[in-house]
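There are 4 protein chains.
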Amino acid sequence: MKFQVGCQLKYDLATPCTFIFNISAFNNGSQQVFEEHLQIEPAVNSEEYVSSPLKNRLLRLTAPQGKLEVNYQATVALYLEEDNPNTIPEIPPDKLPLRVLNYVYPSRYCESDRLINLANKEFGHLLPDYSRVTAICNWIYDNITYLSGSTDSQTSAYEIVTQRTGVCRDFAHLGIAFCRALNIPARFVSGYAYSLEPPDFHAAFEAYLGSRWYLFDATRLIPRKGFVRIGTGRDAADVSFAMIFGSAQLDSMKVSVDCLSEEIPQTTVGAITSL
Amino acid sequence: MKFQVGCQLKYDLATPCTFIFNISAFNNGSQQVFEEHLQIEPAVNSEEYVSSPLKNRLLRLTAPQGKLEVNYQATVALYLEEDNPNTIPEIPPDKLPLRVLNYVYPSRYCESDRLINLANKEFGHLLPDYSRVTAICNWIYDNITYLSGSTDSQTSAYEIVTQRTGVCRDFAHLGIAFCRALNIPARFVSGYAYSLEPPDFHAAFEAYLGSRWYLFDATRLIPRKGFVRIGTGRDAADVSFAMIFGSAQLDSMKVSVDCLSEEIPQTTVGAITSL
Amino acid sequence: MKFQVGCQLKYDLATPCTFIFNISAFNNGSQQVFEEHLQIEPAVNSEEYVSSPLKNRLLRLTAPQGKLEVNYQATVALYLEEDNPNTIPEIPPDKLPLRVLNYVYPSRYCESDRLINLANKEFGHLLPDYSRVTAICNWIYDNITYLSGSTDSQTSAYEIVTQRTGVCRDFAHLGIAFCRALNIPARFVSGYAYSLEPPDFHAAFEAYLGSRWYLFDATRLIPRKGFVRIGTGRDAADVSFAMIFGSAQLDSMKVSVDCLSEEIPQTTVGAITSL
Amino acid sequence: MKFQVGCQLKYDLATPCTFIFNISAFNNGSQQVFEEHLQIEPAVNSEEYVSSPLKNRLLRLTAPQGKLEVNYQATVALYLEEDNPNTIPEIPPDKLPLRVLNYVYPSRYCESDRLINLANKEFGHLLPDYSRVTAICNWIYDNITYLSGSTDSQTSAYEIVTQRTGVCRDFAHLGIAFCRALNIPARFVSGYAYSLEPPDFHAAFEAYLGSRWYLFDATRLIPRKGFVRIGTGRDAADVSFAMIFGSAQLDSMKVSVDCLSEEIPQTTVGAITSL
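Chains E, V, S and P supply the protein sequences, listed in that same order.
Residue numbers for the first sequence follow full-length UniProt numbering, so the first one is 1 and each next one is one higher.
Residue numbers for the second sequence follow full-length UniProt numbering, so the first one is 1 and each next one is one higher.
Residue numbers for the third sequence follow full-length UniProt numbering, so the first one is 1 and each next one is one higher.
Residue numbers for the fourth sequence follow full-length UniProt numbering, so the first one is 1 and each next one is one higher.
In short, the hints are calculated from the structure, not lab data.
Among the hints, a few may not be true.
To be verified - Partner residues are not named here, just some residues of chain S that face chain P (Cβ under 7 Å, in silico):
| # | residue |
| --- | --- |
| 1 | Tyr49 |
| 2 | Asp94 |
| 3 | Arg108 |
Note that the coordinates shown come from a computational prediction; the quantities given were computed from them, not determined experimentally.
Glycine included, every Cβ here is placed at the ideal spot set by N, Cα and C.
Please put together the full structure from these sequences, using the hints given.
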């Protein structure tokens, strides 16, 4: 499958601002970026940095007071691994690769340490494999109402449990928090999502099962295999699409994802196969 | 300076448990471990892992139901860099090394995104250099009462702001949260602390200034240059001395730090020179 | 039924302290106090006040530094109204007596405004009558684990939803918060409870249905008709057994409830008939 | 002084709704309502209720789906008591009238139990009289930025302490919480405020000192003696201008206050003399 993804971001800067954008498509292994265009107006220097070990592609620039417009376009091919996920077990703590331990710890928006009782009550009796993470996604889908504008950048999984409304970011945070509360490593993934209405940046999460990371999306808003990864992190704090130092206002944002080739299965399931 | 550090941890396990200990002294550059002894009763296999990129030394073991005793002893030499910290500037966002960006983001126990107004009100007018982080430490020392048992493992910087009591871990979390709210990268450091009464694991924090990390301790409980680092992380979630999978109770804990050689200046200041 | 209830409270006062005790049995209509003894050592003056409109009996005294012991004993008869609760409807907002409106509003420990979505998700589809409040009690009993020491005097219903552990006070707060979130007036009741193990002050809640208040106890810890009321309020903030101004430590507390006459049905149900 | 106060509220009801309005001017002793007009379109029955003991005037009505417009106008005279507030002492707990005790307890939006350390740190050393409540108002004015839209109906004093922004309601809640944390009874007052820009319902608070309640307004937004009381309660939960059962949207709201006679001193001070 091949996608054309892109975004146009327009800001009004009240002061000179430094931006760190996390909008470039991930480029590694199962996802390959073919062509890429970045346009910045006014023309200011920008600096790209690929983070280690997660290989997020950060873009930093400093712009003067006034208007700023950033256009990004890329052609991206996805090579999906085929698995039968239902045979994939959770890994017990004594066998977990120590490099994924970070993802069992609680983080800013995923206070898994406060969700241990709830997670065990709801999911503790289930089989410790891929199907348990699917059960987590189903619980979220059934219990949390997707409602634009119902949360903000400070909302965390702990609050979502009771508030019962949220957006993709909150669905992902809660999925991560439940996984970690059960000692399943889990992490946040931002991306471009095919057929999302209205178009926007999307978020999902990954759980470490068997010997790799598997992607899950509790919102059921996008088709299987329609998710082009941007960044990976502990939670949204690590991969916001724009971190701004200074005073700027987002005037408009357009996100686009087009499918350039190959059939996209339209089955919308709680868990979509990992990149 | 040379220190003999160590700990004895006794647990009662109600079930088989997997432990990940973070008690081994850091060993790199400015801090060198000479001799080290680890004793585990009953004798079970253990696995050491040095994390990347922070080089924390994690120890994993699985023990059967019953008693578990872990004894760790090490001789450690510190080679402190000399600096005149008062000439060290903060680094503006457009110049910050992108590898330290992670430490500007909020984390589980350091919700810097919620402390921005407070941090700017209290410290926004100060010079953007080392002295501002010292001012943060002074504020914490003046406004937060050190009180054993007043917080627990779920307490975060956001709560400490109003609760006004805490222990070393809370003092460090609040220092970190204030720094990040001002765009100063900051991180958590656990360690063995000389002359701490009663002896216990200690926590402090580091801020990135000039071209390296500088250590700060808002508790003023330990002398300059008496801090032997164990681990470094975003906050206490990353470097708890023991992460336990299973049901175990800590029966007793002894921590010891002895100075083997060289004079230790006894000046207790808010900021102690970095390792 | 007739009960002998009482408590012995021993304090150590670091400073002179003023106490407001709420330990005297309620005396009105369906509950009658026959004999009552109050002993205070050292002998200090005390002042009784019956609050309006709830008729809580407050006892205020000021004691010097040192030991303080308060002994209270009373013989209390309960005259329970017989009802078939399953025919009792909720009262819609346009018909609610305006004097009970206070009990629809959120309070310190019952943040019903934050539980509206959850309450509607769990109970919104149920019949608007007595059985819905029973369903709330069943949910609490099924989902919250009674665990001594798992909460403190600052814990609120909002936290209990996720923490999933608590004591009688927390069970009552959550029941109240769910009711109010559904526009059912609900209030907190403290009391002496027969056969509670270990003996302690107890808490339950009342919901306004039909034309009066009905008592509910989601803990299922006490038998039907074994609850001797002390005080009534919006939540525990209004009826703590002792409010202390000054620095005092509770050295020991003994609570006793004996049944003096008549059979006490031992059926323990989620909802017990109101006084 | 005489004021003409009023409001026009326009709603769009998606379902039949029951409203409980708290918009009628308080009428008792120091504040007298002369003429009053209430117009409701469509013409539906309404029911007035004067609460006990606080004498809030509640108005209940049920309207069908569609538009609803409520117009209220009143002429109100204020007879202000003259006092020299600076001689008014706080009342120690052993002398407090027990009927005001409710106002020392924490409430939904005034979690005074969580602000005790902070209140004592900031105000514990001050003289226990009127001037201490003025100091509380000054602290709020100096540390909290008045910012429309920065909070919502769930925001509480605990959050304001760190967030450092809020509106009149939040300023009042924080004032109340600080007072109660110091054992000073305090309560919430809603009203019509002269010369508020833009015109809106206003909120302030009262503290019990000497032998009566004194009004304080930490926003410093209105002149001395320009506050026409609507309702009094523990916090905003008790006196919201409209409590709605059903699904309705506020399309527009106009609030007006005109001075009909007598000079209004324009001095804007932290504390304004009580009604």
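Go through the numbered hints given earlier and state which of them the structure violates, listing their numbers in rising order. none
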